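Student: Sequence:
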Amino acid sequence: MEASAREWTAEEVAKHNTKEDCYVIVHGGFNLIFRIAGTDATKDFEGMFHSKKARVILEGLCVGTLKSAAGGKPGTAASSASGGFLSPLAIKSNMQASVRGQAGFIAPSRYMSPGSVMRPPPARSSERVPKGLATSSAIPGDPIHPVEWRRYTLVQVLPLNHNTKIFRFGLAKRDLALSLPLGLHIQVRAVIDGETVVRAYTPTSPPWQKGTFDLAVKRYDDGPLSRYIHELDVGQVVEMKGPKGEFVYTPGKWTTLAMICAGTGLTPMLQVIRGIFEENEKTHTVATENRPKIILIAANRREEDILFRDELASLQTRFPSHIQVHHLLSQPSEEWAGHRGRISQELLAASLPPPGEVSAASGVLLTYCGPTGFEVFVESSLLSLGYPVQQLFKF
Numbered sequence: 001m002e003a004s005a006r007e008w009t010a011e012e013v014a015k016h017n018t019k020e021d022c023y024v025i026v027h028g029g030f031n032l033i034f035r036i037a038g039t040d041a042t043k044d045f046e047g048m049f050h051s052k053k054a055r056v057i058l059e060g061l062c063v064g065t066l067k068s069a070a071g072g073k074p075g076t077a078a079s080s081a082s083g084g085f086l087s088p089l090a091i092k093s094n095m096q097a098s099v100r101g102q103a104g105f106i107a108p109s110r111y112m113s114p115g116s117v118m119r120p121p122p123a124r125s126s127e128r129v130p131k132g133l134a135t136s137s138a139i140p141g142d143p144i145h146p147v148e149w150r151r152y153t154l155v156q157v158l159p160l161n162h163n164t165k166i167f168r169f170g171l172a173k174r175d176l177a178l179s180l181p182l183g184l185h186i187q188v189r190a191v192i193d194g195e196t197v198v199r200a201y202t203p204t205s206p207p208w209q210k211g212t213f214d215l216a217v218k219r220y221d222d223g224p225l226s227r228y229i230h231e232l233d234v235g236q237v238v239e240m241k242g243p244k245g246e247f248v249y250t251p252g253k254w255t256t257l258a259m260i261c262a263g264t265g266l267t268p269m270l271q272v273i274r275g276i277f278e279e280n281e282k283t284h285t286v287a288t289e290n291r292p293k294i295i296l297i298a299a300n301r302r303e304e305d306i307l308f309r310d311e312l313a314s315l316q317t318r319f320p321s322h323i324q325v326h327h328l329l330s331q332p333s334e335e336w337a338g339h340r341g342r343i344s345q346e347l348l349a350a351s352l353p354p355p356g357e358v359s360a361a362s363g364v365l366l367t368y369c370g371p372t373g374f375e376v377f378v379e380s381s382l383l384s385l386g387y388p389v390q391q392l393f394k395f
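Once you know that position 274 of the sequence shown is 274 in the UniProt record's numbering, the rest is easy, because the numbers rise by one and skip nothing.
Quick caveat, the hints were computed from the structure, so don't treat them as lab data.
Remember, it's a predicted structure, so these values are computed and weren't measured experimentally.
Every residue, glycine too, gets a C-beta built ideally from N, C-alpha and C.
Don't take every hint at face value.
[Unchecked claim] Straight-line C-alpha distance at most 25 Å; calculated SDA-like pairs for lysine to any residue:
id : residue 1 : residue 2
1  : 293       : 277
2  : 244       : 329
3  : 244       : 170
4  : 253       : 236
5  : 218       : 310
6  : 244       : 15
7  : 293       : 338
8  : 244       : 321
9  : 293       : 316
10 : 293       : 227
11 : 165       : 193
12 : 394       : 336
13 : 394       : 333
14 : 15        : 360
15 : 293       : 360
16 : 218       : 290
17 : 394       : 197
18 : 293       : 321
19 : 293       : 278
20 : 210       : 256
21 : 253       : 310
22 : 394       : 334
23 : 210       : 255
24 : 218       : 161
25 : 218       : 19
26 : 218       : 375
27 : 241       : 256
28 : 293       : 309
29 : 210       : 232
[Said to hold, decoys possible] Per label pair, the in silico range of CB-to-CB distance:
id : residue 1 : residue 2 : range
30 : 344       : 322       : 22 to 28 Å
31 : 15        : 175       : 53 to 59 Å
32 : 303       : 235       : 30 to 36 Å
33 : 11        : 235       : 39 to 45 Å
34 : 311       : 219       : 44 to 50 Å
35 : 389       : 324       : 22 to 28 Å
36 : 15        : 322       : 38 to 44 Å
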């Protein structure tokens with residue numbers, strides 16, 4: 001694509017924000033887009049935790065409707081490799097270019113009308129994973145695939161707190177490791193009440209763990225897949241694929257990684273934290289002096305909601321110059337001695353490096369993960385405080 005042959009500033013891209021001349025920044029570059037090129041991306045889109053804003057933007061990017069395989073009219077259900085379908089939907093008249101993130105490529109697009117939006121596909125009985133299947137169908141030497149769904153057997157369930165458990169899944173061989181790059185996640189799929197549900201989870205186990213990998217899953221009353229996983233018995237299987245995501249930890253690239261999370265938004269950050277510290281001790285691939293400083297702000301409701309508290313405390317004791325952990329509780333007990341209340345600009349300003357010290361050249365990156373409302377507030381607060389948008393990353 002010619003548009004990627006030159007470098008653009010965020011200010012230049014922002015000028016292309018009309019219906020006739022619209023540029024957007026695609027985070028992750030070509031690999032992220034062409035991984036699903038020429039296919040139905042409905043399930044990949046639905047499997048991510050998109051905000052309402054993302055769906056509004058999607059409407060404006062529509063270029064037409066999809067005919068059925070049998071030559072039906074646009075707007076009727078259309079078969080595809082993943083069983084999705086498109087239906088007409090009136091597009092909105094207002095669309096503004098959104099420029100955000102750390103890296104990506106710029107794609108010019110035409111504003112077409114009227115458009116369509118992807119919707120969840122009807123379930124097919126063949127997609128349901130048989131219960132009780134005792135062996136994983138992951139291929140030795142290729143433990144997970146970015147496009148192909150593969151089955152993994154649940155081998156152990158470990159309680160983490162009152163509503164979160166660690167689910168340990170087996171690989172095809174005991175000497176096989178998932179080898180997922182630090183910072184990336186996987187997608188989990190299940191058919192629930194006749195509907196295919198896909199969600200993203202980040203393994204909390206280190207990539208080099210042999211024979212198994214772990215997912216920390218919090219049970220949500222309104223989360224069908226989290227309930228489904230919590231009701232699994234050892235020996236049953238779940239379909240997964242990956243890796244997915246845009247962030248990959250690169251040793252020596254950053255001097256400081258700030259991590260702001262709520263609830264299970266900790267899991268992708270914990271994976272990176274474990275990789276940073278365990279990598280030094282076990283494989284010695286990164287010198288101690290090149291280890292980045294970690295600033296972690298973890299928001300929860302109550303003390304019993306804090307995940308991996310003892311492990312984080314141990315890391316802070318062992319590496320006091322390399323990791324700072326700030327716990328924030330919105331419903332603390334009277335005995336709680338840590339931060340109280342909800343995430344605020346004041347807490348962010350007091351805990352993070354000054355905006356003037358945050359840049360690509362200084363090697364400082366601010367990351368965040370949590371419920372949509374939390375992420376929106378954190379991002380807007382960081383921008384209001386003067387932190388450069390190029391150094392913000394949402395897991």
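Student: Residue 244 and residue 329: Cα distance at most 25 Å?
Tutor: violated, 31 Å
Student: Would you mind confirming whether the straight-line C-alpha gap from residue 293 to residue 338 stays at or under 25 Å?
Tutor: holds, 21 Å
Student: Given the hint that residue 165 pairs with residue 193, does the C-alpha gap stay at or below 25 Å?
Tutor: holds, 23 Å
Student: Does residue 197 sit within 25 Å of residue 394, going by the straight-line distance between their CA atoms?
Tutor: holds, 23 Å
Student: Residue 293 and residue 309 were given as a pair; does the straight-line alpha-carbon distance stay at or below 25 Å?
Tutor: holds, 19 Å
Student: Please work out if residue 210 and residue 256 have their alpha carbons no farther apart than 25 Å.
Tutor: With a Cα-Cα distance of about 30 Å, the restraint between residue 210 and residue 256 is violated, given a limit of 25 Å.
Student: Taking 25 Å as the top limit, are the C-alpha atoms of residue 244 and residue 15 close enough?
Tutor: violated, 31 Å
Student: Between residue 244 and residue 321, is the straight-line Cα distance small enough, at 25 Å or below?
Tutor: violated, 32 Å
Student: Holds or violated: residue 394 and residue 333, Cα atoms, limit 25 Å.
Tutor: violated, 30 Å
Student: Quickly compare the C-alpha distance for residue 293 and residue 360 to 25 Å and report which way the hint goes.
Tutor: With a Cα-Cα distance of about 15 Å, the restraint between residue 293 and residue 360 holds, given a limit of 25 Å.
Student: What's the verdict on residue 293 and residue 316, does the C-alpha distance respect the 25 Å limit or exceed it?
Tutor: holds, 11 Å
Student: Just to be careful, I want the Cα atoms of residue 241 and residue 256 compared with a cutoff of 25 Å; is the pair within it?
Tutor: This hinted pair is violated, its Cα atoms lying about 31 Å apart.
Hint compliance for this structure: hints 2, 4, 6, 8, 10, 12, 13, 16, 20, 21, 22, 23, 25, 27, 33 and 34 are not met, and every other hint is.
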